[in-house]
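Visitor: Each chain is listed here by its residues.
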Amino acid sequence: MAVAESKRLGRLERPALTGVLVREAVNYSSYWRSSTFSSTVEPTIYLLAFGFGFGSIVSTIGGLDYVQFVGSGTVATAVLFSSAFPAMFGTFVKYEFQRTYDAILAAPVDTEELVSAEALWIATRAGVYGCVPMLVAMAFGLDPAWGMLAVPFINWIAGFGWACFGIAVAGYSKSMENFNYIVSAVLTPLFLLAGSFFPLDNFPEWARVLANLNPLHQCVVLVRDAVVYGWDGWADLGRLGFLVVFGLILWRIAIDAMTRKLID
Amino acid sequence: MTELAIRLRGAVKRYGEITAVDGLDLDVPEGTCVGLLGPNGAGKSTTMRLLTAQAIADEGELDVLGFRLPEESKMARAQSGVVPQLDNLDTTLTVEQNLLVFSHLYRIARGERGAAIERAITLAKLGDRRDTKVSKLSGGMRRRLLIARGLVHRPRLVLLDEPTVGLDPQVRQEIWALIDALRADGTTILMSTHYIEEAQRLCDTVLIVSHGKAVAAGPPSDLVQEYAGREAIEVYGPPPRLAEVEQEAAAAGMRTRRTGTSVSILGIGSNGFAVEGERRPANLEDVFVLLTGEEIA
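From first to last, the protein sequence lines are chains X and U.
Each residue of the first sequence is one higher than the one before, starting from 0 at the first, in numbering that gives the first Met the number 0.
Each residue of the second sequence is one higher than the one before, starting from 0 at the first, in numbering that gives the first Met the number 0.
Misleading hints may appear alongside valid ones.
Unchecked claim - If you want the footprint, here are the derived chain X segments under chain U, 3+ residues with CB under 8 Å:
id, stretch
1, 13-20
2, 49-61
3, 90-103
4, 107-117
As the list claims (entries may be wrong) - A short, non-exhaustive set of chain U residues, derived as facing chain X with CB atoms under 7 Å:
id, residue
5, L85
6, V100
7, H103
8, R106
9, K135
10, S137
11, G138
12, G139
13, Y235
What the hints assert, rightly or not - Quick list of simulated restraints, FRET-style, between CB atoms:
id, chain 1, residue 1, chain 2, residue 2, range
14, X, M175, U, G138, 45 to 55 Å
15, U, D86, X, A138, 45 to 55 Å
16, U, A114, X, A138, 41 to 51 Å
17, U, D86, X, I262, 20 to 30 Å
18, U, A183, X, M175, 40 to 50 Å
19, X, T258, U, E58, 16 to 26 Å
Keep in mind the hints are simulated off the structure, nothing from the lab.
Cβ coordinates follow ideal geometry from the N, Cα and C atoms, glycine included.
Model the full assembly from the supplied sequences, consistent with the hints where possible.
Guide: What follows is the structure, encoded as structure tokens:
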């Protein structure tokens, strides 16, 4: 067989990453309809609800139509929903119930490669699905802009970090019930402190400072700049750097969590 | 001299206070089928996990296919196939898709992938089910697919962890035929089992393990001859009669064990002890009881 007979195998090898990605892609072929349905319908409902709800009370925010404001803001929410949540639940199911990771780690794949490939896959999905609210908002009057082409890339970077976050949570959790703590105490506050549905300008100073440490908020601002306001030079570069660092740190944490979980 | 596919020396694996593998020595020569025989909790599955570096030994030397574990485990895994005790197939995928995924994970070259999948489907006798989702397969078909998945890359070494556990007798026979064919093909096999008949039929050598330790090793027939003699007598009767027979045998220095509704007196012929009952050939289970005092299943 064409397997390396004597060659030393290293870390983060492309064939190992590809193997895990192929598994995900083949599996995706069996559930893409439901996944795409929820990723499309959910942001549409958000837009309709907030757009017609708040939109009837608030016409503009920061010089933007409320639909434009929410349409660009919900991109980050869609990224979160299509990365952190599938990563948490999917990872837990795969190691605890399906024992999929036992099978993969018996092949020439290490935990580092397994986690990395899973995060890459989820990030890629989040990159694409995260664009749906923007496309829906365009149907509701959001003007096209060249910066929109950067949105999948921003989503991908943010999605990678959130995917690693979800994998790490699953890795450190003893049961799925523990996810409730994370959802209530971490994700919900971050979700509300992101500036997706309302501006943070009227929040207390401390909340605005904290919001700057919120990757979801950084993603919201970046997408809004790309889609409607235009690039904000070094500030946006800093935000992008923040998301990259967030992803890298969570990546290593996720690998540590899953190594503890999968290797006795 | 025959090369060793697996060489363990003094392997120890602890989980807190529990020592699952306790100084285990194991040799698996290339081209042979070696059985790890022991009851549940003897350390068989942990030993299997040590061999794929899914468990890291606390002490000892572990070599698989010439690679030192855990450092070089990835190279060893590239040339090994693993058939786990628990079914972990992707149930929403078809037979062919499951094999396709593992042809990638085992790094089969693009040009060889199709042929490898075909060979695995043929091996598993699932040609007419290739497009069937795993969730629609019977237990026996799933187990055959699980074995074929571990063989898709033609590994030099196959680790079979309780390959027939939970299967009905007919399916078990099918799996045995499959393993036997593999063995005849010269593939090195390490198989854990707690089925005596399985070990006796398929293994060139058996390692009897108890509480994480090897208590005896050798060809099944040699072990039986050496430790249990040629025959045992099974005595049937009501519980008081069985207790009486046990006492008589113990007084004569004979070992006994309860086998359901009977008592087996082991090592018949060694000291002239005689009792009314059914004579039967001694087996590996008798050896196990003699050596460890435990029932095997």
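Visitor: If a hint holds in the structure, say so; if it does not, say that too.
Guide: Cross-check of the supplied hints:
1. Against chain U, the stretch 13-20 of chain X contributes 5 residues with a C-beta closer than 8 Å to a partner C-beta. That satisfies the three-residue criterion, and the hint holds.
2. Residues of the stretch 49-61 of chain X with a Cβ under 8 Å from some Cβ of chain U number 0, which does not satisfy the need for three, so the listed coverage is violated.
3. For a cut-off of 8 Å, the count of residues in the stretch 90-103 of chain X with a CB near a CB of chain U stands at 6, and the three-residue condition holds.
4. Only residues whose beta carbon comes within less than 8 Å of a beta carbon in chain U count, and the stretch 107-117 of chain X has 3; three or more means the coverage holds.
5. The restraint placing L85/U at the interface with chain X holds, with a minimum CB-CB distance near 5 Å, inside the 7 Å limit.
6. Because the beta carbon of V100/U sits about 4 Å from the nearest beta carbon in chain X, less than 7 Å, this interface hint is met.
7. The closest approach between the C-beta of H103/U and any C-beta of chain X is roughly 4 Å, which is under the 7 Å cut-off, so the hint is satisfied.
8. Evaluation of the R106/U hint against chain X yields a held restraint, the C-beta minimum of about 5 Å falling below 7 Å.
9. Against a cut-off of 7 Å between C-beta atoms, the interface hint on K135/U is violated, since the closest Cβ of chain X lies about 13 Å away.
10. At about 19 Å, the closest approach between the beta carbon of S137/U and any beta carbon in chain X exceeds 7 Å, and the interface hint on this residue is violated.
11. Checking G138/U against chain X by beta carbon gives a least distance of about 16 Å; that is not within 7 Å, so the hint is violated.
12. For G139/U, the shortest C-beta to C-beta distance to chain X is roughly 19 Å, which exceeds 7 Å, and the interface hint is violated.
13. With a least beta-carbon distance of about 43 Å to chain X, the hint placing Y235/U at the interface is violated under the 7 Å criterion.
14. For the hinted restraint 45 to 55 Å between M175/X and G138/U, the CB-CB distance of approximately 27 Å leaves it violated.
15. The hinted range of 45 to 55 Å is satisfied by D86/U and A138/X, whose Cβ atoms lie roughly 46 Å apart.
16. Between A114/U and A138/X the beta carbons are some 49 Å apart, a value that agrees with the proposed interval 41 to 51 Å.
17. Separation of D86/U from I262/X is about 22 Å and conforms to the stated range, judged on CB atoms against 20 to 30 Å.
18. For the pair A183/U and M175/X, the supplied restraint of 40 to 50 Å holds, since their beta-carbon distance comes to about 46 Å.
19. With their beta carbons about 20 Å apart, T258/X and E58/U fall inside the hinted range of 16 to 26 Å.
Hint violations for this structure: numbers 2, 9, 10, 11, 12, 13, 14, all remaining hints satisfied.
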